[in-house]
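Participant: Assemble the dimeric complex from its two separately framed chains, guided by the hints.
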Amino acid sequence: MAMSQLAEKPMPAPTPEPRVRVENLRIAFPRPDAPPLEVLSGISLDVADGEFVAVVGPSGSGKSTILRAICGLLKPAGGEVRVDGRPVSDPPPEVGFMFQKDALLPWLTVTQNIRVGAELSGMSKAEQETRIPALIRLLRLDGFEDAYPKQLSGGMRQRASLGRLLAYNPSLMLMDEPFGALDYQTKIVMGRELLRIWEAERRAIIFVTHDIEEAVALADRVVVFSARPARIVADYRVDLPRPRDLRAMRGDPAFVHLTESIWSDLALPA
Amino acid sequence: MTDTAAASSPALSSGTAGSAAWRTSAAQAALILVLLGLWEIAGRTLFNPFWSSRPSLIAERIWRLALSGELWTHCSITLQEAGAGLLLGAVVGVPLGIALARAPRVAKVVEPVVMGLYGLPRVALAPLFILWFGIGLMSKIMMAFTMVVFIFMLNVMEGIRTIDPDHLDLMRSMRAGRFYLARKVLLPAVTPWILASFRIGVGLSLIGAVVGELIGANRGLGWYVEKSGGQLDTTGVFTGLVVLMILAMLANQLIGFVERRAIRWR
Ligand SMILES: Nc1ncnc2c1ncn2[C@@H]1O[C@H](COP(=O)(O)OP(=O)(O)O)[C@@H](O)[C@H]1O
Ligand SMILES: [Mg+2]
Numbered sequence: 001m002a003m004s005q006l007a008e009k010p011m012p013a014p015t016p017e018p019r020v021r022v023e024n025l026r027i028a029f030p031r032p033d034a035p036p037l038e039v040l041s042g043i044s045l046d047v048a049d050g051e052f053v054a055v056v057g058p059s060g061s062g063k064s065t066i067l068r069a070i071c072g073l074l075k076p077a078g079g080e081v082r083v084d085g086r087p088v089s090d091p092p093p094e095v096g097f098m099f100q101k102d103a104l105l106p107w108l109t110v111t112q113n114i115r116v117g118a119e120l121s122g123m124s125k126a127e128q129e130t131r132i133p134a135l136i137r138l139l140r141l142d143g144f145e146d147a148y149p150k151q152l153s154g155g156m157r158q159r160a161s162l163g164r165l166l167a168y169n170p171s172l173m174l175m176d177e178p179f180g181a182l183d184y185q186t187k188i189v190m191g192r193e194l195l196r197i198w199e200a201e202r203r204a205i206i207f208v209t210h211d212i213e214e215a216v217a218l219a220d221r222v223v224v225f226s227a228r229p230a231r232i233v234a235d236y237r238v239d240l241p242r243p244r245d246l247r248a249m250r251g252d253p254a255f256v257h258l259t260e261s262i263w264s265d266l267a268l269p270a
Numbered sequence: 001m002t003d004t005a006a007a008s009s010p011a012l013s014s015g016t017a018g019s020a021a022w023r024t025s026a027a028q029a030a031l032i033l034v035l036l037g038l039w040e041i042a043g044r045t046l047f048n049p050f051w052s053s054r055p056s057l058i059a060e061r062i063w064r065l066a067l068s069g070e071l072w073t074h075c076s077i078t079l080q081e082a083g084a085g086l087l088l089g090a091v092v093g094v095p096l097g098i099a100l101a102r103a104p105r106v107a108k109v110v111e112p113v114v115m116g117l118y119g120l121p122r123v124a125l126a127p128l129f130i131l132w133f134g135i136g137l138m139s140k141i142m143m144a145f146t147m148v149v150f151i152f153m154l155n156v157m158e159g160i161r162t163i164d165p166d167h168l169d170l171m172r173s174m175r176a177g178r179f180y181l182a183r184k185v186l187l188p189a190v191t192p193w194i195l196a197s198f199r200i201g202v203g204l205s206l207i208g209a210v211v212g213e214l215i216g217a218n219r220g221l222g223w224y225v226e227k228s229g230g231q232l233d234t235t236g237v238f239t240g241l242v243v244l245m246i247l248a249m250l251a252n253q254l255i256g257f258v259e260r261r262a263i264r265w266r
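Here the protein sequences come in this chain order: A and B.
Its first residue numbered 1, the first sequence is counted upward by one per residue in UniProt numbering.
Its first residue numbered 1, the second sequence is counted upward by one per residue in UniProt numbering.
Mixed in with the good hints, there may be bad ones.
[Unchecked claim] Only part of the chain A face toward chain B is listed, based on derived beta-carbon distances under 7 Å: (1) Cys71; (2) Phe99; (3) Trp107; (4) Leu120; (5) Met123; (6) Tyr168; (7) Tyr236.
It should be emphasised that the hints constitute simulated quantities derived from the structure, not laboratory data.
From the three backbone atoms N, C-alpha and C, an ideal C-beta is built for every residue, glycine too.
So that you can see chain B by itself, here it is in the shape it has in the complex (with noise of 0.2 Å):
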């Protein structure tokens, strides 16, 4: 009888791959511990830590500033923008794309215009968007919304240009309305697609929100990078980049982890 479930058990394969699993995370734990352990050291013998400071000095003033709040203010003031620039850029170009690829030829209308807005270094557009918006929060927001916008619209076009034509046909011939097509198919299909599409916009939306923080702030993660430099403090400098850094990477890990829950299909 070949007609049975297909279904292996993960039961065999769980004890190898998750010992597998630990010993990567402890090799690259050990790699980050290493790389930290060089660098201390050429601080402390090679070269003057007022060029390149030290992990002891980072961590000492990540530790005051956690200690005195300013920490907090400045993550959240980043992440608030970042995020809202994330966000905004999937509620709209989501949408987008699914009607770009419905619509076929009036995607060929727009791909020129999209593709030079797409191809436009958009860093440069922060002293533009500082003017129009201020220095508050919207304008950061946009910034990060431009980076990451065209990312989202691509990345569904593509999405649902992959979908099984059969599965389309199966809802015509069912006489399906088109939300029901949306709910059904479209929506389930592009999912994956949007989850990569955030785990991309995660690096480029902060890129965004500290962009506008360097040229226009009075708070955030960038403006605390712009002061240090000023300054010629480099250990705030550093501070700033790392802590971006582990944001950037815990975001990824979020990420992921939405990824595992809503695509068990697969």
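Looking at chain A on its own, in the form it has when it is part of the complex (with noise of 0.2 Å):
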């Protein structure tokens, strides 16, 4: 009966919804004897499926706040956020959020730590005896699988921070500033490591970070928030062929000429 019901009346031609639609987002934060801090004043912007999105910005311009209310951890006052033409009120089973501190259970061990995220995606006791191990050589936190968080550096917090993430295996993952704590050398090689699993398996991705050659090095677009109440003052397209060598590329022309103009926008000397 639906098949004829579509023979008989054609449906209009099916415009992908995008995997994340905001739209004229506002958040503002009460607070005593002022009025609300509006940190977000109608902000849009789409996300396709499949797309690496970076987000720059000045600090404390509200690049971590649209992650949360993305993730449903925030209520707009205004605007609508949707994730698979849904619209978000309780954090969406597809999303994942990887925080900026790294939010790690400081009673938990690595593996306990990087678990919670394969037992809260439902994963069997089976498939996590082989798939933590595998993170967990991934991320280079070999030998350190009984450690707690205060005993690893700042960088191995991140790494495991993102292997409890991509245990949780969300089809939409947030980051917010997730390489911010690791040395330049790291940096490359967890970004190598994470278009490596992105262009196998193509989630989509927004990327906060502050760190503009990252951005437009990983990213299909770079996206560039103004100071608070953040503005989108440019959404550039990166045309960079992939797979990217991260090396490399840095002295490409245009990779040169990207970084350049995201740097003027952010009105910094070049």
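Facilitator: Spelled out as structure tokens, the structure:
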């Protein structure tokens, strides 16, 4: 019956609903003895399926805030967030969030912290037994399986936190400065791993960073936020070929040109 | 490469730390011996031991009570009362504390009542409890319970308040259920606070049990103190007090041991 209806009344051409649609979003935090602090005042952003979007902007501009709103952790004062076409009120099951602070549970070991992601994704016990050690090797945490977070460096904690996100296996990853505490070399290694994972499975990623070169090197699109209240001052498509060589591409004229113009969008001296 | 483990090896410092700890223990023991010595000398020269007894008399009495089996009976009765009251306090206080911390609006409503009961000098409840629950174990368990239940409740509430909001958001972002959240975040976060409550509660629950025994009982260390006092037997009174003190110290050691095992992640 459904088929015959379809045949009689041709449906409008299916416009693919983006993975994420942020429409005119307003977020304000109440303050004592002052009008609410307006952090986002009507921002709009679409993210297509499989797209890797980087967000850069001055600190305090509302980058973490927009991620929290997309994840349903903050109630909008106006506007709307939709993920896969559904308005977000509680965190949607397909979304995973990697926090700016690593948010590891201090009473759990590295393995146990990663297992939290696996358990909450509904992964079977048998699969956990192979998947978790594989993640630990991938993130070069071998030898620290049973270490508590306080015994790890900042970079190792961020990698464990990434391990938990990957164990949760979301099809939309929200990452808030995930490599901020890493040294240059480790950042390149982790960026490479993230790209490898993303290229294999084409999840959508929204990746907040304060590192402009990192944004250009990794993403399909770089969205530039202004200072608070955030507006989108620029939205670049990064047409560098994939797979990307994170070291060699830094000399590429297109790469240099793009980072230069983002620097000037942020009104910083070149 | 800054990206290495920050875990420092304790091997370097363990030698000096160990001998420092040993020296502290030695000094503690020396202090106790000096105080006992002074007491003994004063009891033999300055004061009539009728008023303040003497360590040697107390030691002798403990030995006699131990031989006759009375020491064990009284200790075990008082420990059962205090221990049961303490556990009951934890079993009731911890969930209540979690529930109130998770429901701030309910907490606001019940706060004046709770603080009123908390401020009440609960030792004054002893006569009432003897009346209600009789002179057996139950009245003392309830005394010990009322002394400690608020400690657990208030500590757990405070512990939940100190939870990192990112940990709650993390669990929410992965749609963790209520029990998963309790198991992975709430309980581990409040464990140090629960153990601290036990530490404070040991002394308080003993006070509760002993006060109950002073008012109405036929066994227990409190009863022994009360009976000895009635017979003008100061050595008996001090014997009861010394044994209570030793029990409290042992219980504290036990909790310290559990604390070091349970919160290794610190
Ligand atoms: N929970 C909150 N309550 C009040 N103010 C907040 C809260 N979260 C963020 N802010 C404020 O919102 C602004 C933007 O914060 P954030 O989104 O974290 O910035 P960014 O991640 O871009 O550095 C900051 O001024 C910050 O102080
Ligand atoms: Mg931020």
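Participant: Are there hints from earlier that the structure breaks, and if so, what are their numbers?
Facilitator: Hint check: 5, 7 fail, others pass.
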